[in-house]
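Place chains B, C and D on chain A using the hints.
Chains as they are written, first to last, in our numbering: chain A, 1 to 144; chain B, 1 to 144; chain C, 1 to 144; chain D, 1 to 144.
Think of the hints as simulated: they come from the structure by calculation, not from any bench.
A hint or two may mislead.
One copy or two, either will do: identical chains are not told apart, so a pair holds if it fits within one copy or between any two.
Listed below are the simulated DSBU-like cross-link pairs for lysine-lysine, each with C-alpha atoms no more than 35 Å apart in a straight line [claimed, not checked]: (1) K77 to K116; (2) K133 to K84; (3) K133 to K59; (4) K59 to K116; (5) K131 to K77; (6) K116 to K82; (7) K131 to K116; (8) K59 to K82; (9) K28 to K116; (10) K28 to K77; (11) K116 to K133; (12) K99 to K116; (13) K82 to K133; (14) K84 to K131.
Owing to the predicted nature of the structure, the values given are computational and were not obtained by experimental measurement.
Number of protein chains: 4
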Amino acid sequence: MHPFELPIRVIYADTDAMGIVYHANYIKWFETGRTELMRSLGISWSEMEPLQCYFPVSKLSCHYLLPARYDDLLILKTHVDKLKRASISFSYSLYDEGKERVLVRGSTLHACTDEKGRIIRIPEVIHSRIKEKHGEGENAWHEG
Amino acid sequence: MHPFELPIRVIYADTDAMGIVYHANYIKWFETGRTELMRSLGISWSEMEPLQCYFPVSKLSCHYLLPARYDDLLILKTHVDKLKRASISFSYSLYDEGKERVLVRGSTLHACTDEKGRIIRIPEVIHSRIKEKHGEGENAWHEG
Amino acid sequence: MHPFELPIRVIYADTDAMGIVYHANYIKWFETGRTELMRSLGISWSEMEPLQCYFPVSKLSCHYLLPARYDDLLILKTHVDKLKRASISFSYSLYDEGKERVLVRGSTLHACTDEKGRIIRIPEVIHSRIKEKHGEGENAWHEG
Amino acid sequence: MHPFELPIRVIYADTDAMGIVYHANYIKWFETGRTELMRSLGISWSEMEPLQCYFPVSKLSCHYLLPARYDDLLILKTHVDKLKRASISFSYSLYDEGKERVLVRGSTLHACTDEKGRIIRIPEVIHSRIKEKHGEGENAWHEG
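This is chain A alone, in the form it adopts within the complex:
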């Protein structure tokens, strides 16, 4: 129910000549956020690989509210937004170190696919583990 929290330290590689984090670089952090959230539920790649299931990004949105800068320590909160039979969506809120201000909000929608990219049902063992902890999402978690 609680969002998964991940600390992130901004390095030069993440920034651009405007002196702020380049907008596309937040998107990689979202990947780490959802992967570690899943791992915290016992769903890591070593579980998914034999099931031949993948979760490519189908939709992405991002709202940049305040800039992050070089060497900032940030906190990324990730939570399951909505769990369906063949898809899952995540929401992301990136905070400053003190968790007082949201810098960036984002969301991603993922279809579950087989190795050839065909949409399949989320394998039961994965679906149930997410549902157990996060419910079906939507109303399961609120920023407040």
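Positioned in the frame of chain A, the structure of chains B, C and D alone reads:
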């Protein structure tokens, strides 16, 4: 009125272990798309720098319809979606080489800011050049 | 015999908060340089894929002499440095727009491998095409 | 004297369509390695910023021995290789999770510069802190 077209060749750096272009890497191509569209209107960085105006990304959305793969030749069409006093939005459609299928659609919203990140009006010389060619956007261009 | 020339426009994605191109981002341009050099010899991925041969980077070196900056137009010259039975090396010189100053020099060594990463001989059809145009490298080309 | 150890989890963003980590992506990890080593000595950006000193990369070399793959947990060991009056070099060894095999070795040389990129002496407060812990490098640490 016509969208700006940019050819893109996919390199290994753009792809991931799923064998497809990593979702965040399309976002960089959008930057090149809008920058070259602007340059085609006579608005390059050498024009903007003395005006001290910047167009950081405020919102981003992306819809991934079909995967692009290593060594694919792609065509990115960029157009001005909406021109306002202090903001501009762009739309992007990424096609396969034959321009028969849309692989990815995206859009970005940009506030116009000064060097310190404060929102300012788009300088008249820039605003008028975009308006002249693209109108105020919205109904100015249709994919059809 | 002549190096392959590639124009590169620096975008924000390439730069960092020091206001210059981030050192690791030149490395991607090297990939484009050697891929397009090979394509100019008639060796593209569509040729290599049925032969199941790959050229992963085995060694890399880079010397940063002068910084490149946002919106700079750069010229990357790539040439075959040395062609062996199971490996090939390339050299890279990145120039400013006027080709007066070298900003970055680099080199990469590539083993030829099969799909499983085992070192194999470079397929004859590829080896001969490179040799025909570039010799065995080394003394075949000089910056002067 | 001991190298600084940093755990790294490989995400899709780091990999390419060969199914391995893309060679340029290791270079960003080196940045994190040396930044965190410096932070462990009490030298963080908040110390360096008022001193107006920067350490841009002047030379880089990298030797790729074995591939890293998606979701691998890696250990990066970073150490000060050589400390001079106006430059510092670092060495990097990237290990597998069990620290049994070296996957990648690298090194970077950094000039110390002022805000305009002119080479300056490393400020005494920084130089002495590195020297105290790491000596002048070179013979201070051995992989064994």
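Can you give the numbers of the hints that this structure goes against, from lowest to highest?
-> none
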